[in-house]
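Model the full structure from these sequences, guided by the hints.
1 is the number of the first residue of the sequence shown in the UniProt record's numbering; add one for each residue after it.
Among the hints, a few may not be true.
Cβ pair distances, simulated, as ranges [stated by the list, open to error]:
hint, residue 1, residue 2, range
1, E42, S5, 45 to 53 Å
2, E30, D6, 30 to 38 Å
3, E29, S5, 22 to 30 Å
4, E35, I8, 29 to 37 Å
5, E39, A3, 27 to 35 Å
Rather than coming from a laboratory, the hints here were simulated on the basis of the structure.
These numbers were taken from a predicted model, which means no experiment stands behind them.
Ideal placement from N, C-alpha and C gives every residue a C-beta, glycine not left out.
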Amino acid sequence: MKAISDKIKSFSGGDFKQQGEIVVMGGDEEKRLEELLEEANEDDSSDDEEEEEDEGMGRVEDDIPEDEVEDDEEDNDDGNA
1 MKAISDKIKS FSGGDFKQQG EIVVMGGDEE KRLEELLEEA NEDDSSDDEE EEEDEGMGRV
61 EDDIPEDEVE DDEEDNDDGN A
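As structure tokens, then:
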């Protein structure tokens, strides 16, 4: 058994037992990374939806929303008449 273990250690990659542990850890880490990526993609898609909603709210002139700009113009027209 010792001879087999020494033979395995002589190859690049080291101890067979350690290699097995690394593979298992790699699988768990890979699954966790995939979960994190999926969560990040879900967060990104919700941010995109919020941005689209914000863009559709209306035009802004000089930091004044469009509906307030139109109201001011109507008030000026009524006052001048």
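Lying within 30 to 38 Å: is that true of the beta-carbon distance E30 to D6? holds (31 Å)
Is it true that the C-beta distance of E42 to S5 lies inside 45 to 53 Å, as the hint says? Hint holds: Cβ distance 46 Å, inside 45 to 53 Å.
Hint check for S5 and E29 - Cβ pair distance inside 22 to 30 Å: holds (26 Å)
Can you let me know if the beta-carbon spacing of E39 and A3 is within 27 to 35 Å? Cβ of E39 to Cβ of A3: about 48 Å, so the range 27 to 35 Å is violated.
Range first: 29 to 37 Å. Now tell me if the beta carbons of E35 and I8 are that far apart. About 33 Å separates the Cβ atoms of E35 and I8, which means 29 to 37 Å holds.
Checked against the numbered hints given earlier, this structure breaks only hint 5.
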